[in-house]
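Participant: Based on these hints, arrange chain B on the given structure of chain A.
Line by line, the protein sequences give chains A and B. Position 67 of the first sequence, counting from 1, maps to 67 under this note's numbering, and the rest follow consecutively. Position 84 of the second sequence, counting from 1, maps to 84 under this note's numbering, and the rest follow consecutively.
It cannot be assumed that every hint is accurate.
A few chain B residues that face chain A, going by a derived Cβ cut-off under 10 Å, partial list only [as the list claims (entries may be wrong)]:
hint, residue
1, SER78
2, GLU79
3, ARG90
4, GLY148
5, ARG151
6, ASP160
7, SER167
8, ARG169
9, SER173
10, ILE174
11, VAL178
12, LEU181
13, LYS188
14, PRO210
15, GLY214
16, PHE218
List of simulated lysine-lysine pairs, PhoX-like, C-alpha gap at most 20 Å [stated by the list, open to error]:
hint, chain 1, residue 1, chain 2, residue 2
17, A, LYS421, A, LYS445
18, B, LYS222, A, LYS245
19, B, LYS138, A, LYS191
20, A, LYS56, B, LYS208
21, A, LYS245, B, LYS138
22, A, LYS56, B, LYS149
23, A, LYS221, A, LYS208
Hints were generated in silico from the structure; no laboratory data involved. Note that the structure is a prediction, hence the values are computed from the model and not measured. Backbone N, C-alpha and C fix where the C-beta goes; we use that ideal spot for every residue, glycine too.
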Amino acid sequence: MYLPCPVVQNIKVSCTSWKCALEDVAWIISAPAYHLILEGILILWIIRLLFSKTYKLQERSDLTVKEKEELIEEWQPEPLVPPVSGDHPALNYNVVSGPPSHNIVVNGKKCVNFASFNFLGLLDDPRVKAAALVSLRKYGVGTCGPRGFYGTFDVHLDLEDRLAKFMQTEEAIIYSYGFATIASAIPAYSKRGDIVFVDRAACFAIQKGLQASRSDIQLFKHNDMADLERLLKEQEIEDQKNPRKARVTRRFIVVEGLYMNTGTICPLPELVKLKYKYKARIFLEESLSFGVLGEHGRGVTEHFGISIDDIDLISANMENSLASIGGFCCGRSFVIDHQRLSGQGYCFSASLPPLLAAAAIEALNIMEENPGIFSVLREKCKRIHKALQGISGLKVVGESFSPAFHLQLQESTGSREDDVKLLQEIVNHCMDRSIALTQARYLEKEEKCLPPPSIRVVVTVEQTDEELERAARTIKEVAQAVLL
Amino acid sequence: MGEGGCFLETAGVEASAAPRAPRASEASSSIQKPRVNTWQRPTLERRNWDAACSHAKGRRDRTGKPQRKRMNVGVAHSEVNPNTRVMNSRGIWLAYIILVGLLHVVLLSIPFFSIPVVWTLTNVIHNLAMYVFLHTVKGTPFETPDQGKARLLTHWEQMDYGLQFTSSRKFLSISPIVLYLLASFYTKYDAAHFLINTASLLSVLLPKLPQFHGVRLFGINKY
Chain A
1 MYLPCPVVQN IKVSCTSWKC ALEDVAWIIS APAYHLILEG ILILWIIRLL
51 FSKTYKLQER SDLTVKEKEE LIEEWQPEPL VPPVSGDHPA LNYNVVSGPP
101 SHNIVVNGKK CVNFASFNFL GLLDDPRVKA AALVSLRKYG VGTCGPRGFY
151 GTFDVHLDLE DRLAKFMQTE EAIIYSYGFA TIASAIPAYS KRGDIVFVDR
201 AACFAIQKGL QASRSDIQLF KHNDMADLER LLKEQEIEDQ KNPRKARVTR
251 RFIVVEGLYM NTGTICPLPE LVKLKYKYKA RIFLEESLSF GVLGEHGRGV
301 TEHFGISIDD IDLISANMEN SLASIGGFCC GRSFVIDHQR LSGQGYCFSA
351 SLPPLLAAAA IEALNIMEEN PGIFSVLREK CKRIHKALQG ISGLKVVGES
401 FSPAFHLQLQ ESTGSREDDV KLLQEIVNHC MDRSIALTQA RYLEKEEKCL
451 PPPSIRVVVT VEQTDEELER AARTIKEVAQ AVLL
Chain B
1 MGEGGCFLET AGVEASAAPR APRASEASSS IQKPRVNTWQ RPTLERRNWD
51 AACSHAKGRR DRTGKPQRKR MNVGVAHSEV NPNTRVMNSR GIWLAYIILV
101 GLLHVVLLSI PFFSIPVVWT LTNVIHNLAM YVFLHTVKGT PFETPDQGKA
151 RLLTHWEQMD YGLQFTSSRK FLSISPIVLY LLASFYTKYD AAHFLINTAS
201 LLSVLLPKLP QFHGVRLFGI NKY
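Pulled out of the complex, with its shape left as it was, chain A reads as follows (with noise of 0.2 Å):
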């Protein structure tokens, strides 16, 4: 047997090869039992691996075959195409002829627009349209690309600046669709294992966001700062009890700064508050505020005056007040920055028509130019607010200077369908006299807590007095006759 040269060292030099053999079997025999049955033992170990099959550690599931057979047997298919009522909203639509400003063509009838979220009238105005179109004609329609494959052009790049500087964050990233920037954001930074506690009514595109996040999730009712704190309490005290798994989790709070779905405002102080007592992160979701609170527009943190670096993110859509397409994130660039690489929405979509980009940047050029239209909409909010008080069986949702507030039914009829039905009639009569209002839409099986049925009224600055009279002397007797 061939010795390795260390081995040789030990025996002697001038031996042969047969002896060295023999010297090196004498080592093997005289050693201890023990070890030698550890070897065989080992070495059987050896075979059984080479020899065993590759498979897959099963998950633990808790039924029987008799159970898994009894589950099989009941199981009906659903029909591909369920039956579906002729008075779906979705089967009887209503088509809008030319642009939804204020003055929109429903179904072929010019009524005063009460439905579409363009608080600021910034959807018509010709200077948004007229940088459109010089940016269509200078880049095209389309990027044909996401941001990292040539779809970065430099009114991408300025609109991210511009954002940035008028709300005063280190930086911003720009999301070509506005349900998808919270959606995309959320899941960017709360993995598996992480806690956020988000509001009842937070609306769609957030839950979207939490699903994909596969977090934790809690629920605490709405604009109830109660709730949430018990709610952070019995977290803390989990977390006393295993410090260890605490240090590797991370907590969220996500609010809205006006809700879409109740028209109210966060509690933006005491939120702050709770955050620096119980070291959560705060996500803030500013559609409906951002460009309607605040002195300068810059949304609820302006309203309540706290400063904008105790807010973790802002998460805005530009498709409300900026009347563009697609959404914004806003806050420190080490925040802002790991949502270029994490970012789903930002990395795996194509970016923001240029002419989009630009007309969100001259529409922000209007906003920085005239600051007063906040305080205006405000007003008109507040007046249509109280000329709506007291109708008969219906109740105004929302804060008086809420741009897009729900009139619920007083008394609901009992069943769901019957409550949409009274109002979808409410809506069909007011369209009848020139007003175009509709309902708040869900998709009643995926949502998580699902709101009454409601219409909601959305105010803009284009809308005169006279018209918002109008509207709510419609309003009230088309309800009086419907309701009563």
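Facilitator: Chain B alone, transformed into the frame defined by chain A:
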């Protein structure tokens, strides 16, 4: 590379368009224009071509045309967690064996260690390193698109997405045993060395059992 390519294309288009235009106009015009020296210095374009191809210096194909570097062709992958297939990569088993060999040779070159001590040290250091890298360090150094499924899993548990007895797993289970057998031979079955080597081997064999998948004894290293 992209800009270089575009530049070359536009330069090529312009270079080919420029001489054509005056020729066409000269041919069509009946009036004899005074002959201006329209001879272009070719070195200008050549200089730019060389500058654009600077990263392909010396790289030429069969016909002698300079080749420019392609974009990363064939490196994109859709693997959700690349950690799972690291130990299946090309050449990694050989690299592992060479690394263990290197460790052994380095230890051998220390003059005051005897052969049994060197072998025991090789065995112990190898098992310690294996324990730290495969059974202690958890998660991934990069973000994965599965929202952190493997955040609490060690590399051993992540290998091949938890599939047991794959070839990499077998290789990594057998290599400490082989090292142990060699070490016991070269330490001449000494009792003290036996204790150290066996304890070290057990510390690295037990976590590899499928029964120990995801198990954290006494809550150590759980989060």
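Participant: All the hints need checking, so say for each whether the structure fits it.
Facilitator: Do the hints match the structure? See the list:
With 10 Å as the threshold, the beta carbon of SER78 of chain B stays out of range of chain A, its nearest partner Cβ sitting at about 12 Å, so the hint is violated. Hint status for GLU79 of chain B relative to chain A: violated, with the closest Cβ pair at about 16 Å, above 10 Å. Nearest Cβ of chain A to the Cβ of ARG90 of chain B: about 20 Å, over the 10 Å cut. The hint is violated. For the restraint placing GLY148 of chain B at the interface with chain A, the shortest Cβ-Cβ distance is roughly 4 Å, inside the 10 Å limit, so the hint holds.
At a threshold of 10 Å, the smallest CB-CB gap from ARG151 of chain B to chain A is about 6 Å, leaving the interface hint in force. Because the beta carbon of ASP160 of chain B sits about 8 Å from the nearest beta carbon in chain A, less than 10 Å, this interface hint is met. The criterion of a C-beta within 10 Å of any C-beta in chain A is met by SER167 of chain B, whose closest approach is roughly 8 Å, and the hint holds. The beta carbon of ARG169 of chain B comes within 9 Å of a beta carbon in chain A, closer than 10 Å, and the hint placing it at the interface holds.
Because the closest C-beta pair between SER173 of chain B and chain A is about 6 Å apart, less than 10 Å, the hint holds. A least Cβ separation of about 5 Å between ILE174 of chain B and chain A falls short of the 10 Å threshold, and the interface hint therefore holds. The beta carbon of VAL178 of chain B comes within 8 Å of a beta carbon in chain A, closer than 10 Å, and the hint placing it at the interface holds. Annotation: LEU181 of chain B was flagged as interfacial toward chain A, and the flag holds, the nearest CB pair being 6 Å apart, inside 10 Å.
Because the smallest distance between the Cβ of LYS188 of chain B and any Cβ of chain A comes to about 6 Å, under 10 Å, the interface hint for this residue holds. Contact between PRO210 of chain B and chain A, as hinted, is supported at the beta carbon level, the nearest pair being about 6 Å apart and thus within 10 Å. At its closest, the beta carbon of GLY214 of chain B sits 9 Å from a beta carbon of chain A; the interface hint therefore holds under the 10 Å criterion. For PHE218 of chain B, the interface hint is violated, since its Cβ never comes within 10 Å of a Cβ in chain A; the closest pair sits about 12 Å apart.
For the proposed pair LYS421 of chain A and LYS445 of chain A, the alpha carbon gap of about 18 Å is at most 20 Å, so the pair holds. The hinted pair formed by LYS222 of chain B and LYS245 of chain A meets the criterion: a straight-line CA distance of about 8 Å does not exceed 20 Å. Under the criterion of a C-alpha separation no larger than 20 Å, the hint pairing LYS138 of chain B with LYS191 of chain A is consistent with the structure, at around 16 Å. Using a Cα cut-off of 20 Å, the hinted pair LYS56 of chain A and LYS208 of chain B holds, with the two alpha carbons roughly 15 Å apart.
With a CA separation close to 14 Å, the supplied pair LYS245 of chain A and LYS138 of chain B stays within the 20 Å bound. Between the alpha carbons of LYS56 of chain A and LYS149 of chain B the distance comes to roughly 17 Å, so the proposed pair stays at or under 20 Å and holds. Distance restraint check for LYS221 of chain A and LYS208 of chain A: the Cα-Cα separation of roughly 19 Å lies within the 20 Å cut-off, and the hinted pair is therefore satisfied.
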